[in-house]
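Chains A and B supply the protein sequences, listed in that same order.
Okay, so the first sequence: first residue is 172 according to the working numbering, each after it adds one.
Okay, so the second sequence: first residue is 172 according to the working numbering, each after it adds one.
Hints are computed from structural coordinates only; laboratory data are not their basis.
It is possible that some hints are incorrect.
Since the list can't tell identical chains apart, any single copy or any two copies may satisfy a pair.
[Said to hold, decoys possible] Straight-line Cα separation of at most 25 Å, DMTMM-like style, residue types lysine to aspartate or glutamate; simulated pairs:
(1) K191 - D238
(2) K253 - D204
(3) K360 - E340
(4) K247 - E194
(5) K360 - E194
(6) K253 - D228
(7) K247 - E298
(8) K191 - D204
(9) K191 - E254
(10) K191 - D228
(11) K191 - E323
(12) K360 - D292
(13) K253 - E194
Model, not experiment: these values are computed from the prediction.
Number of protein chains: 2
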Amino acid sequence: MTAPTLKVDLALVHYPVSNKNRETIVSAVTNLDLHDMARAGRTFGVDNLFIVTPNSDQQHLVGEILDHWSTGHGGKVNPDRKEALGIIRLSDDLAGVYEAATQKWGERPTVLATCARCQGDGVQSYEAVREQIFSGQPILLLFGTAWGLSSEVMQAVDGFLPPVCGQMEYNHLSVRSAAAIVLDRLLGKR
Amino acid sequence: MTAPTLKVDLALVHYPVSNKNRETIVSAVTNLDLHDMARAGRTFGVDNLFIVTPNSDQQHLVGEILDHWSTGHGGKVNPDRKEALGIIRLSDDLAGVYEAATQKWGERPTVLATCARCQGDGVQSYEAVREQIFSGQPILLLFGTAWGLSSEVMQAVDGFLPPVCGQMEYNHLSVRSAAAIVLDRLLGKR
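Next up, chain A with everything else stripped away, as it sits in the complex (with noise of 0.2 Å):
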C-alpha cells in the first residue's frame, strides 16, 4: 500500500503565549518538547514541527539540541530519534510559519489552533479534519506552551479542534500529550 500524501504540519508556540495570569509571554523550549512531538509527528506522517520563539538564546539551544541528533554524537546511537528530529524546523515567528508552510504547500494551509477549552463557532469535529486531511488539504495545527496560545493568536486562525476530554471535568494534559492525541485522532491507522 502506498501511503498517501499528507500535508500536515506542527507548530510549538513558545510567543505570544498566556502565562497564569493571562498575560503574553515568552515561554521557555523544553527538550522534552521536541522529541515527543518529534516522534509523534514522524509516527504519524507530519511534515514539519515548527518550533517558534523569537529568542535567539532559546534558538541557539534548540540549535544545539538538534545539532547533537543529526550529526552529533546522538544520531549515531539511535538513527530513529535522528529520523524524529529530523522534522524540526525553527522559526521566529507564526509569520514565518505561515509564508513556510504556503510556499512548501502551494498553497495557504487551514490553520487550527487546539485548546483545553475550546467551545462555539470554529470548532470543528476530528472527523471532518481527517477527511480534510485525507483528502489532500494543507493543514497546520498550533499547540500552546504555558497556560496556551494568546488571544491574538486565536482570533486570527481558521478554526479550532474540540479540547481532548476524559469523562471528568478534570482536563490538565501536557503539551506533548495533547498533541499526542490530537495526531492520532487525526492520522492515526485504523
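Given chain A, work out where chain B should sit, using these hints.
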C-alpha cells in the same frame, strides 16, 4: 451526568525491561514520565498509576518528587498538578501491583500489556477493551520503559493492546505519548 465508575490502573515498569540488546535491565525513572502519565491518567479517570522499580535510590527519588507536589511548594502553586500526581503509587515489583489492584477491586484485574510490535494471539481491539472497562471490569495496563517489557512479563499477561501506528512503518513514540493515546482510545469522551 454521573461519571461511570471506571476501574483502570496503569503500571509504568522499570524492571524487568529490555535494553536495546534485549538484555533485562532496571531502567532509570524519568521525572516527566511521572508528570505526563499522571496528568493523562487523572484526565481520563485512571485510579492509580503504579511506578514499578526495585531500586531503593530510584524509589527515594520518586518519593521526593511526590513530596514536592503533595505537601511541598509545588502543590501550593499548582494544585492541578498536585491532584494529578496524587494518583501515583510506588511498588517494588509487578507482584505488588497485582496484589494492590486485586485487593482494591475485590477481584484480580485483567492485565494487558502495550507494545510497539504486538500482533497475533492475545491481541484485543481497543473497542473490545473499552467495552470491558465501561461494563465495570477492572483493567491493569502495563507500560514498559527503555526498549519495552521483558519477555517474561509479556508471557504472563492476559492479553495485549495493538500497537499505536500512523500510516507508515516508522513507530517510535515515547512511552508518555503512547500512554496518552491508549487512554484516549479506551477512555476518551466521544
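- Quick one: K360 to D292, C-alpha cut-off 25 Å, is that within a copy, between copies, both, or neither? between (29 Å within a copy, 20 Å between copies)
- Query: Using 25 Å as the alpha-carbon threshold, which applies to K191 and E323: within, between, both, or neither?
  - Reply: Only inside one copy: K191 and E323 sit 16 Å apart there, 46 Å across copies, limit 25 Å.
- Query: How do K191 and D204 come out at 25 Å by Cα distance, when the copy is not named: within, between, both, or neither?
  - Reply: both (20 Å within a copy, 23 Å between copies)
- Within a copy, between copies, both or neither: where do K253 and D228 come within 25 Å Cα-Cα? Intra 23 Å, inter 31 Å, cutoff 25 Å: intra-copy only.
- Message: Checking an output row: K253 and D204, CA cutoff 25 Å. Within, between, both or neither?
- Response: Both: 15 Å inside a copy, 21 Å across copies.
- Query: For the identical chains here, do K191 and D238 meet the 25 Å Cα criterion within one copy, between copies, both, or neither?
  - Reply: between (33 Å within a copy, 23 Å between copies)
- Query: Quick one: K253 to E194, C-alpha cut-off 25 Å, is that within a copy, between copies, both, or neither?
  - Reply: Classified as between; 24 Å across copies, 36 Å inside a copy.
- Up to 25 Å between alpha-carbons, please classify K247 paired with E194: within, between, both or neither. Classified as between; 21 Å across copies, 42 Å inside a copy.
- If the cutoff is 25 Å on CA atoms, where do K191 and E254 land: within, between, both or neither? Let me know, please. between (35 Å within a copy, 18 Å between copies)
- Given identical chains, is K191 near D228, meaning Cα to Cα at most 25 Å, within a copy, between copies, both, or neither? within (23 Å within a copy, 35 Å between copies)
- Up to 25 Å CA-CA - E194 versus K360, copy category: neither (39 Å within a copy, 31 Å between copies)
- Item | K360 and E340: within-copy, between-copy, both or neither at 25 Å Cα | Cα proximity of K360 and E340: across copies only (11 Å, versus 28 Å in one copy).
The structure fails to meet hints 5 and 7 from the earlier list, while all remaining hints are met.
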